[in-house]
Amino acid sequence: MTSSLTRPTAEALVGRVWEALRTVRDPELDNDVVSLDFVASLEVDEHRVAHVRLRLPTYFCAPNFAFLMVADAWDATSTVEGLSDVDVVLIDHFAADAINRGVAARAGFVHSMAGTEVGEAVDELDSLRRQFTERALMAGTDLVVSPLARAGRTPEELAAMTLGDAPASTDLTRLRARRRELGIPSQDTDPLVVDPRGRKVGVEALPLHLRKARSFQVGVDANTSICRGQLAVRYGLT
Numbered sequence: 001m002t003s004s005l006t007r008p009t010a011e012a013l014v015g016r017v018w019e020a021l022r023t024v025r026d027p028e029l030d031n032d033v034v035s036l037d038f039v040a041s042l043e044v045d046e047h048r049v050a051h052v053r054l055r056l057p058t059y060f061c062a063p064n065f066a067f068l069m070v071a072d073a074w075d076a077t078s079t080v081e082g083l084s085d086v087d088v089v090l091i092d093h094f095a096a097d098a099i100n101r102g103v104a105a106r107a108g109f110v111h112s113m114a115g116t117e118v119g120e121a122v123d124e125l126d127s128l129r130r131q132f133t134e135r136a137l138m139a140g141t142d143l144v145v146s147p148l149a150r151a152g153r154t155p156e157e158l159a160a161m162t163l164g165d166a167p168a169s170t171d172l173t174r175l176r177a178r179r180r181e182l183g184i185p186s187q188d189t190d191p192l193v194v195d196p197r198g199r200k201v202g203v204e205a206l207p208l209h210l211r212k213a214r215s216f217q218v219g220v221d222a223n224t225s226i227c228r229g230q231l232a233v234r235y236g237l238t
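Taken in order, the sequence shown gives residues 1 to 238; the numbers are from this note's numbering.
Read the hints as simulated data drawn from the structure, not as lab findings. Watch out, some of these pointers could steer you wrong.
Label pairs and their computed distance ranges (CB to CB) [as the list claims (entries may be wrong)]:
#1 E81 / A40: 48 to 58 angstroms
#2 R22 / T58: 15 to 25 angstroms
#3 A177 / R150: 22 to 32 angstroms
#4 D97 / S35: 26 to 36 angstroms
#5 V110 / V233: 32 to 42 angstroms
#6 R106 / R53: 15 to 25 angstroms
#7 D123 / E157: 39 to 49 angstroms
#8 Y235 / E156: 41 to 51 angstroms
#9 G119 / E157: 48 to 58 angstroms
#10 V110 / T58: 16 to 26 angstroms
#11 R130 / S41: 24 to 34 angstroms
Please read these numbers as outputs of a predicted model, since none were measured by experiment. Note that beta-carbon positions come from the ideal geometry of N, C-alpha and C, so glycine has one too.
The whole structure should be built from the sequences, with the hints applied where relevant.
Right, dumping it as structure tokens:
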């Protein structure tokens, strides 16, 4: 337990919560909720309770994605040392009441949606999370490998490269992180180009694989642009 002599200030706690929220991603856009401006407000009160308000681009954003982000934001904020409690709430969303109750009660998506106006949920969101992490892996592969191809690397060279052969970059760091989330080896000696199951992509399959990777990244860019525009219009952001 943090003693009164070493207890962090409210300002310090706010900074820690912001950093924790940067680990929370929109699963479809593979970007964090802070960078996307999905955090409407954040404060820490005199009782060291963190109050986080999340917002989304439209009133009818998919409730499964919304639930994941609220639950992840709750989990991330709860790890911040020095807080006495956490209050994470989604605002301005048609399923906000059901999502907020369910996340606060740790009820899971299916139970949270049961009997609500949102409709029944078929299953939990683990498979959905993996599906979009796999897409993020593909998009991340494009961000790392396309510059190498433009620099003149041949398909044979790309297929033989390891993660350690690729230049250090933010994109490479993120690609390693997505691989770890999927249980795919991500050490320097591991192949650079793998499929979503972790299998090395050979030179014959590489062109099609990279075209698919490019299509995923184009989709992420397009969806991100649309969401940013919708959020700006909805909340009068500049």
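Identify every previously stated hint that the structure contradicts and give their numbers, smallest first.
Hint 1 contradicted; others consistent.
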